[in-house]
Amino acid sequence: MTIATVFLAAVAAVIVWWLAHQQLLSKPWLEVGHAYDRRREPMPPAKIGLAVFLAVVGSLFSLAISAYFMRMASSDWGQLPLPGLLWINTGILALGSVALHAAKLESQRRHDEATRTILLAALATGLAFLTGQVLAWRALTAAGYFLAGNPANSFFYMLTGMHGLHIVGGLFALGRLTARAWSVPLDRRMRLSIELCAIYWHFMLLVWLVLFGLFSGWAGNVVDFCRQLLT
Amino acid sequence: MVDVRSGIGEALPPPEVEDVELYHPHSWWTRYVFSQDAKVIAIQYGTTATAIGMVALALSWLIRLQLGFPGTFELIDADAYYQFITMHGMIMVIYLLTALFLGGFGNYLIPLMVGARDMVFPYANMLSYWIYLLAVLVLVASFFAPGGPTGAGWTLYPPQAVLSGTPGGKDWGIILMLSSLIIFIIGFTMGGLNYVVTVLQGRARGMTLMRMPLTVWGIFTATVMALLAFPALFVACVMMLFDRLLGTSFFMPAIIEMGEQLQYGGGSPILFQHLFWFFGHPEVYIVALPAFGIVSDLISTHARKNIFGYRMMVWAIVIIGGLSFIVWAHHMYVSGMNPYFGFFFATTTLIIAVPTAIKVYNWVLTLWRGNIHLTLPMLFALAFIVTFVNGGLTGLFLGNVVVDVPLSDTMFVVAHFHMVMGVAPIMVIFGAIYHWYPKITGRMLNEVLGHIHFWVTFIGAYAIFFPMHYVGLVGVPRRYYELGETTFVPESVHDLNAFITVAALIVGAAQIVFLFNLAWSLRHGREAGGNPWRATTLEWQTPETPPPHGNWGKELPVVYRWAYDYSVPGAPEDFIPQNHPTPGRLSHEGAS
Numbered sequence: 001m002t003i004a005t006v007f008l009a010a011v012a013a014v015i016v017w018w019l020a021h022q023q024l025l026s027k028p029w030l031e032v033g034h035a036y037d038r039r040r041e042p043m044p045p046a047k048i049g050l051a052v053f054l055a056v057v058g059s060l061f062s063l064a065i066s067a068y069f070m071r072m073a074s075s076d077w078g079q080l081p082l083p084g085l086l087w088i089n090t091g092i093l094a095l096g097s098v099a100l101h102a103a104k105l106e107s108q109r110r111h112d113e114a115t116r117t118i119l120l121a122a123l124a125t126g127l128a129f130l131t132g133q134v135l136a137w138r139a140l141t142a143a144g145y146f147l148a149g150n151p152a153n154s155f156f157y158m159l160t161g162m163h164g165l166h167i168v169g170g171l172f173a174l175g176r177l178t179a180r181a182w183s184v185p186l187d188r189r190m191r192l193s194i195e196l197c198a199i200y201w202h203f204m205l206l207v208w209l210v211l212f213g214l215f216s217g218w219a220g221n222v223v224d225f226c227r228q229l230l231t
Numbered sequence: 232m233v234d235v236r237s238g239i240g241e242a243l244p245p246p247e248v249e250d251v252e253l254y255h256p257h258s259w260w261t262r263y264v265f266s267q268d269a270k271v272i273a274i275q276y277g278t279t280a281t282a283i284g285m286v287a288l289a290l291s292w293l294i295r296l297q298l299g300f301p302g303t304f305e306l307i308d309a310d311a312y313y314q315f316i317t318m319h320g321m322i323m324v325i326y327l328l329t330a331l332f333l334g335g336f337g338n339y340l341i342p343l344m345v346g347a348r349d350m351v352f353p354y355a356n357m358l359s360y361w362i363y364l365l366a367v368l369v370l371v372a373s374f375f376a377p378g379g380p381t382g383a384g385w386t387l388y389p390p391q392a393v394l395s396g397t398p399g400g401k402d403w404g405i406i407l408m409l410s411s412l413i414i415f416i417i418g419f420t421m422g423g424l425n426y427v428v429t430v431l432q433g434r435a436r437g438m439t440l441m442r443m444p445l446t447v448w449g450i451f452t453a454t455v456m457a458l459l460a461f462p463a464l465f466v467a468c469v470m471m472l473f474d475r476l477l478g479t480s481f482f483m484p485a486i487i488e489m490g491e492q493l494q495y496g497g498g499s500p501i502l503f504q505h506l507f508w509f510f511g512h513p514e515v516y517i518v519a520l521p522a523f524g525i526v527s528d529l530i531s532t533h534a535r536k537n538i539f540g541y542r543m544m545v546w547a548i549v550i551i552g553g554l555s556f557i558v559w560a561h562h563m564y565v566s567g568m569n570p571y572f573g574f575f576f577a578t579t580t581l582i583i584a585v586p587t588a589i590k591v592y593n594w595v596l597t598l599w600r601g602n603i604h605l606t607l608p609m610l611f612a613l614a615f616i617v618t619f620v621n622g623g624l625t626g627l628f629l630g631n632v633v634v635d636v637p638l639s640d641t642m643f644v645v646a647h648f649h650m651v652m653g654v655a656p657i658m659v660i661f662g663a664i665y666h667w668y669p670k671i672t673g674r675m676l677n678e679v680l681g682h683i684h685f686w687v688t689f690i691g692a693y694a695i696f697f698p699m700h701y702v703g704l705v706g707v708p709r710r711y712y713e714l715g716e717t718t719f720v721p722e723s724v725h726d727l728n729a730f731i732t733v734a735a736l737i738v739g740a741a742q743i744v745f746l747f748n749l750a751w752s753l754r755h756g757r758e759a760g761g762n763p764w765r766a767t768t769l770e771w772q773t774p775e776t777p778p779p780h781g782n783w784g785k786e787l788p789v790v791y792r793w794a795y796d797y798s799v800p801g802a803p804e805d806f807i808p809q810n811h812p813t814p815g816r817l818s819h820e821g822a823s
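Line order of the protein sequences matches chains U and P. Quick note: the first sequence, position 65, residue 65 per my numbering, numbers continuous. To convert, count from 1 in the second sequence and add 231; that's my numbering.
Since the hints were made in silico from the structure, they are not lab data. Some hints could be false.
[Claimed, not checked] Which residues of chain P face chain U? A partial, calculated answer using Cβ under 8 Å:
{"no.": "1", "residue": "V351"}
{"no.": "2", "residue": "Y354"}
{"no.": "3", "residue": "T420"}
{"no.": "4", "residue": "L458"}
{"no.": "5", "residue": "L459"}
{"no.": "6", "residue": "H505"}
{"no.": "7", "residue": "Y711"}
[To be verified] Calculated Cβ distances over 12 Å to all of chain P for the following chain U residues:
{"no.": "8", "residue": "G84"}
{"no.": "9", "residue": "A139"}
{"no.": "10", "residue": "A148"}
A quick note: this is a predicted structure, and the numbers were derived from the prediction, not measured. Glycine is no exception: its CB is placed at the ideal position from the N, C-alpha and C atoms.
Chain U on its own, in the form it takes in the complex (with noise of 0.2 Å):
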């Protein structure tokens, strides 16, 4: 459970950070008055709820993945070949992870016309990914590693499953917006939209790195490397 523990660190420290602007030593007793807030512009609502889903979300993977680890330590473990269209895909997901951020970039500057245009191809790598993975899910049927035939195959067809369920979920999202943006111009909303999608992606893009280290043994090396650094 140490990935799990980590990543549970990590946002316990973001939660320390932020408290301690909070004012917890205050003595609320002893003030009565107003209270102002001095910041500028107040995060919008959306952005800080997209923020706490992702760190669901990343509690959900690590959690995960540190199953991984300790299933990984049986001796019925096998090795899963990593078929070559995975690094195709990956690059599809990288270049929808770049196109939403010049969508963003170009909403910002009013441009309206660009944006959507680039919404739409950021989509359609979206669609591209998923079919990926599905070809490649069809690849490794085919080549006879099946989802119950070993710890690591199940692993595999889970966690990249899990990883295209969001991708779907970040697609129906982006789907509606990108057939709202065509058919209005772009107002404060939407632009906040694009920006939260952009978010969205390069979070699941980091996701899918993470996996892709994971299930290229990179990942394992890693986590050996720290051990012996401790030992």
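For chain U, the structure is supplied; the task is to place chain P on it using the hints.
Here is chain P on its own, set in the frame of chain U:
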């Protein structure tokens, strides 16, 4: 960066909370059924949780009938008994306590107490309830599925949970249970995001974090914990569903069932225990922290005295929340883990007693020389303190490895956790309902019925769980359908078991009095007025009672003081509402 300025005459700073565009219901359906108003959602959560809780209560009766009078009732065979204990435990912990504290009280109280019009994402909030209802229905469906509900014990340990020896293991039971939990977690996450972001972003002007009532602090911290801990249960449920349905071996070791080698192999049941308790221990505090918060407010209001050590109370809530994530393996002392781990987890477990004890001291010191009104909420609050101390002390026993090993899986453990996370939080829930019912409905609950309910429940709970500690110390194991001929169990244990059963039946019946009171007072209760307890917090200052959609009428409240200005020297009344601008105290320069 929050700045508090004394002085009243200044011009009001610009609002830091933008007035939200409220969703307005257009029909009866969107007003009362598919409502996005947090107050309606709270009542929906509360009613659903109470309804499914009554099922769990009835199950506990059946469990006790078997334990008190073994073999008398043909309806209760061994399989049925295991199904009853499993469903009783799971329903009470997840579908009643978690849903009622966070979904029920959280939804009702957070927007009102922080001075918001509603939750920040009302649509997700509505979805959260309907998904919760779906989870409950899936759970209930398992009672009618072929093979009945799962009988794996509420901890659902594999491998037995998915084998044919366990009721529901090879039928629908375990599948529906795991699916229901997954659905519950999805629904909870939607609600939880709302509770957290509303506290962060929806607070009224002047409501700094350190001016929030402890109820909000408790629910807020518990929600953050739940958001981070429930994923562990989610992952565990998904993996076990894979094992059960798709033949993977995440948790399943090589196993022979009925003389037949199963296709499983190499899985780790201990891995499930780690995941389960990584959620399971924070869950104890997910239930306890809202109770801590609410009880602080009840005590302060009904003793007409400010809460002792407010800052310490806030810090203790946060510290308990953090520590509760590094104690999970104290549920696994007998799982064969490395003794050094046992030592580590025993230490963290005992450390968590420190902030918890601070809270108990502060409650008692708040009562000290307070003007104690023995109203029903106060009675329940007092009952909570004693019960929590009792349950907490046996927790110190069980937290130590050497004491826990012989007591593990005995009725002592059952008595301990029922005291500390069963009876104690339920006492707070009752107290809170007696306290806030006048705000929710505009009428007071009947006092006579309330007193009957309180005394029977309080004394009855002790009649049930005190003897159970003894039964456990003698060595009677938990989860046994019947004891049979056992030499180490003296005759007195059987008599005690019969006594406990009678007490449990009576306490259960007293809850029907309570439900009757809730229904009866709705029409016949005394008119409450806006602020019957003369309380300071914002929810009592709404222009109308019950608060309408949007809570505050035209203008949002502005907060000028903390939530505990009771019996302030020199003030005309013994309480000063949080949104009251005049300086109520003589002057703190003179006092300090």
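Hints and how they fare:
1. V351: 4 Å, holds
2. Y354: 12 Å, violated
3. T420: 6 Å, holds
4. L458: Given a least distance of 5 Å, the restraint on P:L458 holds.
5. L459: 5 Å, holds
6. H505: Cβ of P:H505 sits 6 Å from chain U, so the hint holds.
7. Y711: Violated, about 31 Å.
8. G84: With a cut-off of 12 Å, U:G84 remains clear of chain P, as the shortest Cβ separation is near 25 Å.
9. A139: 19 Å, holds
10. A148: The claim is violated: U:A148 sits with its nearest Cβ about 4 Å from chain P, within 12 Å.
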